[in-house]
Amino acid sequence: MLANVGIVIVSHSPKIAEGAADMVRQMVGDSVKLAYAGGDPDGGLGTDVAAIIAAIESVWSEAGVAILVDLGGAETNSEMAVELLPEDRRGRVLVCNAPIVEGAVIAATEASGGSSLEAVRRTAEELSPQ
Amino acid sequence: MKDGDGMEVVTDRAELTNAVGLHARPSVKLTRLAKSFACSVEISLSAEGPWVDAKSPVKVMRVRAPRGSVLHVRASGAGAIAAAEAVMALVRDGFGEHEGGDHG
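Protein chains in written order, with the numbering used here: chain R, 27 to 156; chain L, 11 to 114.
These are calculated hints, taken from the structure and not from any lab test.
None of these values were measured; they are calculated from a predicted model.
Among the clues, some could well be false.
[To be verified] Cut-off 30 Å, straight-line C-alpha distance, at most; resulting in silico cross-link-like pairs (BS3-like, lysine-lysine):
id	chain 1	residue 1	chain 2	residue 2
1	R	K59	L	K45
2	L	K69	R	K41
3	R	K59	L	K69
4	L	K45	L	K69
5	R	K41	R	K59
[What the hints assert, rightly or not] Part of the chain L face toward chain R, derived, beta carbon under 10 Å:
id	residue
6	R35
7	A44
8	S66
9	V68
10	M71
Using N, Cα and C, we set each Cβ at its ideal position, and we do this for glycine too.
Given these sequences and hints, build the entire structure.
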């Protein structure tokens, strides 16, 4: 059986990234691979492409990876991280247009049921105003 | 219920007795349980509906049922009886969140 879709949380704040991951762990459990990247390389607020790539790789499976981001730079750096992945993996990593905390919980819930990457993104994006 | 010929449709109901009702964490548990069944599983706060897909975490969280609400379940298709029973058992168990002495 295919593994579940992995979840990556990318925030400008290491505390937000870690806290959102804690909520996912507590509410959804351990059936979904989860990683987070928060803060710039110096420990300040920001996002770091290398850290995002490492997070994606740590939860990678053929099922793919859904990324939840906060503000603008987190999204652009996540997109940059996806572009830097090996070519055969790029198509199976998606940045979700959803609020970071709720989106991470919902995406992980959907993923824990064995849903496809596209279904995980669709469910997380149901949270955003239509 | 008129849900097609030969289609197994099961409905049941139970009161939400856990402190927070159908809040975020119970919603996740309910969704994950519903997803473990192949049949359709829906919930509602009324026997007349509107019915919400119990496999959708977003829709289940939007139900926002407080403690004391009566949660209705409707399952249809193969395995509907087991699905409805499992959902009701989860609700009656307070989603595993009953604090000591809180069973009522």
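Hint check results:
Among the hinted pairs, K59/R with K45/L is consistent with the structure: their alpha-carbon atoms are about 18 Å apart, no more than 30 Å. Distance hint between K69/L and K41/R is fulfilled; the C-alpha atoms sit about 28 Å from each other, no more than 30 Å. Distance restraint check for K59/R and K69/L: the Cα-Cα separation of roughly 24 Å lies within the 30 Å cut-off, and the hinted pair is therefore satisfied. Restraint check: the Cα-Cα separation between K45/L and K69/L comes to about 14 Å, which is no more than 30 Å; the hinted pair holds.
Our distance criterion of 30 Å between C-alpha atoms is met by K41/R and K59/R, whose separation comes to about 19 Å. Because the beta carbon of R35/L sits about 5 Å from the nearest beta carbon in chain R, less than 10 Å, this interface hint is met. About 9 Å separates the beta-carbon of A44/L from the nearest beta-carbon of chain R, less than 10 Å, and the hint is met. Hint on S66/L holds. Least Cβ distance to chain R is approximately 7 Å, under the 10 Å limit.
Because the beta carbon of V68/L sits about 4 Å from the nearest beta carbon in chain R, less than 10 Å, this interface hint is met. At about 8 Å, the closest approach between the beta carbon of M71/L and any beta carbon in chain R falls short of 10 Å, and the interface hint on this residue holds.
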